[in-house]
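Peer 1: Sequence:
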Amino acid sequence: MKPKVILNAAMTLDGKIATRTGSSEISGQDDFLRVHRLRREMDAIMVGINTVLADDPRLTVHKISANPKDNPVRVVVDSKARTPSEYRILSPEAPTIIAVSNQAPLEKIKTLEEDGKAEVIICGDEHVDLNCLMDQLGNKGIKTLMLEGGSTLNYSMLEAGLVSEVRVCIAPMIAGGTRAKTLVDGDGADYMKDAFRLKFKKSYNLGEDLIVEYAVL
411 MKPKVILNAA
421 MTLDGKIATR
431 TGSSEISGQD
441 DFLRVHRLRR
451 EMDAIMVGIN
461 TVLADDPRLT
471 VHKISANPKD
481 NPVRVVVDSK
491 ARTPSEYRIL
501 SPEAPTIIAV
511 SNQAPLEKIK
521 TLEEDGKAEV
531 IICGDEHVDL
541 NCLMDQLGNK
551 GIKTLMLEGG
561 STLNYSMLEA
571 GLVSEVRVCI
581 APMIAGGTRA
591 KTLVDGDGAD
601 YMKDAFRLKF
611 KKSYNLGEDL
621 IVEYAVL
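In terms of our numbering, the sequence shown has 428 at position 18, counting the first letter as 1, and numbering is strictly consecutive.
Be aware that one or more of the hints could be misleading.
[Unchecked claim] For each label pair, taking beta carbons as the anchor points, the in silico distance ranges come out as:
1. S433 / E517: 30 to 36 Å
2. G526 / L608: 37 to 43 Å
3. R430 / C542: 31 to 37 Å
4. D604 / T521: 38 to 44 Å
5. G587 / L616: 21 to 27 Å
6. H472 / E618: 22 to 28 Å
7. I519 / K550: 36 to 42 Å
8. R447 / F610: 18 to 24 Å
9. E496 / Y601: 42 to 48 Å
[Claimed, not checked] Taking lysine to aspartate or glutamate and the DMTMM-like style, the derived pairs with C-alpha atoms no more than 20 Å apart in a straight line are:
10. K490 / E517
11. K518 / D545
12. K490 / E523
13. K412 / E496
To be clear, the hints were calculated from the coordinates, so they are not data collected in a lab. Note that CB positions come from ideal geometry on N, CA and C, so glycine has one too.
Work out the full structure: start from the sequences and follow the hints.
Peer 2: As structure tokens, this is what we get:
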């Protein structure tokens, strides 16, 4: 059974998750704590390779716990195995799975697997087959997964019908910029009637930020 996927993100009022330079300091401290609590509830957390290269994230719950057992499994969608071996996503504080395609060079896969840094899953020919990946993660006992993007992976997961819920922190700021990343990029819908449909669940204030939660129909 595929895991239940919650897409979680912080964005500006105009839907930007980063500026054109990659700056992504959006939400306040209260939201950081919310995100880490949500991570602790999840079996796994997933990002795309562009997020890894841009932010070098740890993807742990270090803001609320120093216990490694509280950290979810980290999953990186990385078709060509570009994850640098020195990046924090491969630190021993939490297990990491790198999902690659058949286009990934074998020597890079071997480097990622060296010293048990990561487990590599091969799904898909040119790009990672997300349905295949979700099946594989489900077979490993992962029942819940938090999706933290970026924007291209967010779109691909929605397009594949793999997202169950969306939780967004909206910060009181406007960034603008035609080259700034939005919550969801990708090809997008041609007509509004084809847009992904959501059902409102709840909203609440968190400091100066607004948290909204939706179910994906």
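Peer 1: Does K412 pair with E496 here, judged by a C-alpha cut-off of 20 Å?
Peer 2: violated (31 Å)
Peer 1: Between K490 and E517, does the CA-CA distance stay at or below 20 Å?
Peer 2: holds (11 Å)
Peer 1: A range of 42 to 48 Å was offered for this pair. Does it hold for the Cβ distance of E496 and Y601?
Peer 2: Taking Cβ atoms as reference, E496 and Y601 lie about 45 Å apart, which means the hint holds.
Peer 1: Confirm or reject the claim that S433 and E517 have a C-beta distance inside 30 to 36 Å.
Peer 2: holds (34 Å)
Peer 1: Per the hint of 38 to 44 Å, is the separation of the Cβ atoms of D604 and T521 within bounds?
Peer 2: With a Cβ separation near 41 Å, D604 and T521 satisfy 38 to 44 Å, so the hint holds.
Peer 1: Between the alpha carbons of K518 and D545, is the straight-line distance 20 Å or under?
Peer 2: Roughly 24 Å separates the two Cα atoms, so the pair is violated.
Peer 1: Using the beta carbons of R430 and C542, state whether their distance is inside 31 to 37 Å or not.
Peer 2: 33 Å Cβ-Cβ, so the 31 to 37 Å window holds.
Peer 1: Lying within 37 to 43 Å: is that true of the beta-carbon distance G526 to L608?
Peer 2: Since the Cβ atoms of G526 and L608 sit about 40 Å apart, the hinted range of 37 to 43 Å holds.
Peer 1: Starting from the hint 21 to 27 Å, judge whether the C-beta atoms of G587 and L616 obey it.
Peer 2: holds (25 Å)
Peer 1: Do the alpha carbons of K490 and E523 lie within 20 Å of each other, as the hint requires?
Peer 2: holds (14 Å)
Peer 1: Against the range 22 to 28 Å, how does the distance between the Cβ atoms of H472 and E618 compare: consistent or not?
Peer 2: holds (24 Å)
Peer 1: Could one say that the CB atoms of R447 and F610 fall in the range 18 to 24 Å?
Peer 2: holds (22 Å)
The structure is inconsistent with the numbered hints 7, 11 and 13, although it conforms to all the rest.
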